[in-house]
Each structure stands twice: as structure tokens, then as C-alpha cells.
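Enquirer: So the chains spell out like this:
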Amino acid sequence: MRMSWFNATSLTLGFAFLYLPMVILIIYSFNESRLVTVWAGFSTKWYGELLQNQSFLDAAWVTLKVAVFSSTLATILGTMAAYVLVRGGRFMGRTLFSGMIYAPLVMPEVITGLSLLLLFIGIGLDRGVLTIVLAHTTFSMAFVSVVVSSRLVTFDRSLEEAALDLGASPWDAFRLVTLPIIAPAVISGWLLAFTLSLDDLVIASFTAGPASTTLPIRIFSAVRLGVSPEINALSTIMIAIVTVGVITASLVSKRSMVRQKRDEQAAARAT
Amino acid sequence: MTLRPFLQQGRPDLPATVFAPWADPNQKPLIRFQNVTKRFGDFTAIDDLSLDIYEREFFALLGPSGCGKTTMMRMLAGFENPTSGRIELAGQDIVPVPPNKRAVNMMFQSYALFPHLTVWDNIAFGLRRDSMPKIDLQRRVEEMLKLTRLEKFARRKPHQISGGQRQRVALARSLAKAPKLLLLDEPLGALDKKLRQDTQFELMDIQEKTGTTFVIVTHDQEEAMTVASRVAVMDEGRLIQVATPADIYEAPNSVYVADFIGDVNILEGTVRATGPNRYHFTWADTGESVTAASERPFSDGQTAHLAIRPEKVQISAERPEGAENAIKGKVHDIAYLGNISTFHVRVAGERIIKAQSANTRRITNRAFTWEDDVWLSWTPTAGVVLSD
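These protein sequence lines map, in sequence, to chains A and B.
Taking the working numbering, the leading residue of the first sequence gets 2, the next gets one more, and so forth.
Taking the working numbering, the leading residue of the second sequence gets -14, the next gets one more, and so forth.
A hint or two may mislead.
What the hints assert, rightly or not - Subject to a maximum C-alpha distance of 30 Å in a straight line, what follows is the list of computed DSBU-like cross-link-like pairs (lysine-lysine):
no., chain 1, residue 1, chain 2, residue 2
1, B, 131, A, 262
2, B, 194, A, 262
3, A, 262, B, 137
4, B, 194, B, 86
5, B, 142, B, 131
6, A, 262, A, 66
7, B, 165, B, 13
8, B, 119, B, 179
9, B, 179, A, 255
10, B, 13, A, 262
11, B, 13, B, 137
12, B, 119, B, 194
13, A, 262, B, 178
Said to hold, decoys possible - Here's a subset of chain A near chain B, in silico, CB distances under 7 Å, partners left out:
no., residue
14, 89
15, 93
16, 160
17, 162
18, 166
19, 167
20, 168
21, 169
22, 179
23, 185
24, 187
25, 188
Hints in this document: simulated from the structure, not taken from any laboratory.
All C-beta atoms, glycine included, are put in the ideal place defined by N, C-alpha and C.
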């Protein structure tokens, strides 16, 4: 079908608005010249340079550690919270709790960061990787719980009852029946938490210590001294990682949906 | 609740092979509800209900939606606990026992098959929870697959098989652990009519082969009549009548049961005794009198209902000779159903009485047509006299 000129223009404008800055950044990361805004031919030398830069590599390693630990922790806590909110029935303070679990979604990051900083100082916890992990878990857990609870709402409760009925303990019923079925949602939740942690600057700068600079902090402080082609290269890598994460997350849920639909149609034809 | 089987079941003069443990006072019930009440907030789902169900029975809980039948089943499975009262299974109070520790299995209305497991693994799920040895487990699953004719589909996932096959997987899975009691929640609700009828007989067959006690919940009275050894008709959390399908149909204990099960004509009037178990029933609409037999005693002048099934009302052009009860009327409507025809006959002005006749011969022209004058007749024992 041919697209009308109006639709074509809207689409072009929309995409340009979203992706033009990133495309420019990616292009300039392959720039030969040291001057960021002057094109001097194609080169991958800044990627090579990046590998020599120990402070960037250290920051990348910290960021990766923080992202893996915090997203895993957030997935466990967020799944548990979602389970209780959807399945816990009516208990005292349910409405309050379900409202409050989503608060970090709308809370300004500066406030979350500041309050966490005050907490860590209050309990005398030295700022470092641990504090960033805890801080990231706190805010990304809310996102995981949104993703997982939207799946649990449509989950047929009688499946769990059937597992109990067949002699499974409540924990076995969760582990063997509920978890495998909601796994795509849990995985998407993890990937979401992972990417959120990867590119967080504000909360990390409140909770990071001198020896635990994350990549976004490192980039931000480097940029204040002027944009270097190395930063462009680094940003390109991060864009790649996030893109792969997001595409994987959507493919995981889409693939299982498509397969289920196809099988159901096949079964319907067989009858 | 009194139970008085007076048709073929449980009569002492019949051979002992008749299955009627409920008529034998020495039999111990498998399930015993004792004054069970269940409330959800202000709503009383089950109201002080007592009921005994015996081993090897195929027991049906029948009633309209919201009558409490599903709550009864969920209490047996352990998903709900009674507000008060006691539920016994084989003499033991099961109220404090969680669902995963009960020798009871349930087949869910939605089947609740585990979508991520194959048919084989679905059936094996319960056996694995008991850590059954691998050899025994394999043999048991194969046995269940054979019983439900699913051998060919063992490696498929639930969404790769048809609705009827899924229903059989659900049955096989719930039978695999050889439970003392199998609960079936509207097991055939999702199947189309033809498949449902075939499956009803299959269920009865499997129940006989395995010797398991079945309790089925259904709102379909035909289904309950077909499969059950006894039927409990429920309304608003109470048992209205518990009896064999034949007793429920032929000897309902109330207008509610007579009306709920099958088609029925219900006439209102007063009774007057004319002899032992014989009454004159004076129809309030016309003042006409008919003779009715009743084993239940009535006092003279008591208002009562006479319930007569349409197939027990004969329709004829002339007044049949020697008929004790005959009423004149006009054919108002005819419903031709192939095997039978139902005549709606207008008598005494506006009142409609239904009469059914079997179409035993292939005839081109019916004996009666619209607006014909006809006679309706029935014997004194054809109807049941019911008090209000």
C-alpha cells in the first residue's frame, strides 16, 4: 500500500526527531579527526583508544556489576511484590501498598537520590558499589513489578490451584507452574531494570563513592571538559547494548505469543 | 433431610446387587458434611447443610448458578474452609488439611492444564510430587494415557490438541494419583452437545473401571441425570432433594425440584382424602376434580400442587373410556421435535397443559392439528401431589 504524503511526512519527522541525534553521534564516533564537529574520514581508532583508557574501563566494569546485581535483585523483589499485590487477596493496607509501590515511577530522581543518600549516611553505610546497587534496586523494582503484575492479572488462578490439588506445596506450585508461565514477563522486567540501571546518572551520582564511578557519571564529567570522540565511541557501544536488550525483550514475548497462536490454530483445525 | 427411596432402588425385596449404599444403615459414608455453613461476608453460600456421600458413588450437585454447588466442591478440595461445621473424608475431619495434603483430586472447569508441560508431564505432575519411583511413574502415566485414549498425544503441549482431548488430559491428570474422591467442576461445559453426550458415557465407564467416587458439579440437569447414581438439587445454599435420578424425576419432593428437572405441568388446587393414599384434587382454576394417588399424607382442604410430566398425559380425540381423569381442551400449539411432539392444549380458558407423544411411526399427517378439540387424560398415579 502506498503511503499518503501526510503520513510519510509524519513518520519521517517523528523518526528524525527521535533518532537523528543518535545517528549523528554514531556517525561521529567513526570520525578520524580529534575535533568532534569536523569530519575527516572513516576510522575506528577511537574504539581502540577507548580500550586503552583504564578509567573508562573501570567505570564500565562498575556499571555492569551494578546493573547485573541491581536488576536481579529488583526482579526478585518486584516479582514478589507483584505476586502479593495481585494474589494476596484483600489485606490491611493493600490499596496503600499498591499505590506506594508505583511511587518511584513518578518520583523525581533527585529526590529518590537525595533520600537514599541521607539513609546511607544515617545508617553509616560507606558509599560504593553496594549503595548504588541498593539504590538502583529501589527504583527499578517498581518497573519490574508493573511488568510482572500486568502478566499476573491475566494468569488463570486455577492453574495454581490445580498444582496444589495435585500435591504440590505452595512454593512448588509457584516454582513449577507460575514462574515458568510468567517467565517472559519476568525476563522483560529484568532487561528493563538492567537498561534503567545502565543509563542512570542522577541517582548513581548521589549514591556513588569515590572508588565506584559508573560509566554515565564518568561520561558526564568528561563531557564537562569537552566532548571527545572517545565519548562518542563509548556512547555508541552503550546504544548498541541497550538496543540489543530492548529488542531481545520484545522478541521473547512476541515469539512465544506467535508460537502459541499458531499452535492453537493448528489444534482448532485438527478437531 | 429424609431420604426415602421408594422406586426400584434400595427396596429390601430386590436383589442385593443393586447399588444403593445410602439405603443401608450399616454403610459408612466416604464424605460427611455435618451442619456446614459457609459465609462470604454477608452472603451465605452454604446454609447449615448436612450430606453423606458413599464410596463408589457418582454424585451430582445440581442447581442454578449461585446455589452454592461450586462452594461445596471447593470446600471438598480444600480451597475454601467452612465458616462452621465439619467435613469428614473416610471418618477424618479434613477441614484443617491443606489442599495439597488431601486424597482428593479435582478436574477444573477450565481444565487448568499446565501450558508449558506436555500431556505426559501434565499427567505425571501429581505423581512426581509424591516422589514415585521412575518405573512405577512411567507405568502409571502410560496406563492413564491408555484409559483416556491419549497415547498418540503424549508428547504434545495442551495448546496443540483439541478441546475434547484437553478434557481427557484433565481427567487423566486428576485420576493419576488414584484419589479416594474425584471432583469434577462442570467437566463437560466447554464441549459441544454431541461430544458432551459421548463423553458422559465415557466418564461413567471410567468411573466404573477405576472404582473412584466421583462428585460432579453441573447446572445441566440432563447431564446430572445421565451420569449420577444420586443427584442433590440445591438452591440458595441448601439441599432441596437428594435422591436417585429416577426419584428426582418421578417423585420430586417440592414444586422447585419438579420445575427444575425436566418439563412439567403444575396445577394448583385443594385436596380431599377419598381412600388410603387416594385424594380428590380440586383444581383452583376450574373447580374440576381429578383423582390423584399420594403416599404423602394430606389433610382435607389443604392447598397443594399437582405436578404431571407431559409424557404422562395422553392426548386423544374422544374421551378415553374408563379414564379416571380427563379434561377437554383445544390444541393451541404443537412443537415437533422429531422423536416426540409436544402439544400445548388450552383448557379452561387460558390455562395451558402440555402433553407429549412419541412419534413411533413415520406419518405424513398428524392426528391433531391447531384448534382441534381434544381430550387430555392421565391415571391417578401419573401426577405427584406436592404441598406448598
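Enquirer: Hint by hint, say whether it matches the structure.
Expert: Right, here's what the structure says about each hint:
1. 131(B) - 262(A): 29 Å, holds
2. 194(B) - 262(A): Roughly 37 Å between the alpha carbons, so the hint for residue 194(B) and residue 262(A) is violated.
3. 262(A) - 137(B): 22 Å, holds
4. 194(B) - 86(B): 25 Å, holds
5. 142(B) - 131(B): 18 Å, holds
6. 262(A) - 66(A): 38 Å, violated
7. 165(B) - 13(B): The hint holds at about 14 Å.
8. 119(B) - 179(B): 39 Å, violated
9. 179(B) - 255(A): This hinted pair is violated, its Cα atoms lying about 37 Å apart.
10. 13(B) - 262(A): 50 Å, violated
11. 13(B) - 137(B): Outside the cut-off at roughly 41 Å; violated.
12. 119(B) - 194(B): Given pair residue 119(B), residue 194(B) holds - Cα atoms ~25 Å apart, limit 30 Å.
13. 262(A) - 178(B): 26 Å, holds
14. 89: At 16 Å from the nearest chain B Cβ, residue 89(A) fails the 7 Å test, so the hint is violated.
15. 93: 16 Å, violated
16. 160: 5 Å, holds
17. 162: For residue 162(A), the interface hint holds, since the closest Cβ of chain B sits about 6 Å away, which is under 7 Å.
18. 166: Cβ of residue 166(A) sits 5 Å from chain B, so the hint holds.
19. 167: 3 Å, holds
20. 168: Result: holds, 4 Å to nearest chain B Cβ.
21. 169: Holds, because the Cβ-Cβ distance from residue 169(A) to chain B comes to roughly 5 Å (cut-off 7 Å).
22. 179: 10 Å, violated
23. 185: 11 Å, violated
24. 187: This hint is violated: residue 187(A) lies away from chain B, its Cβ roughly 13 Å from the closest one there, beyond 7 Å.
25. 188: 14 Å, violated
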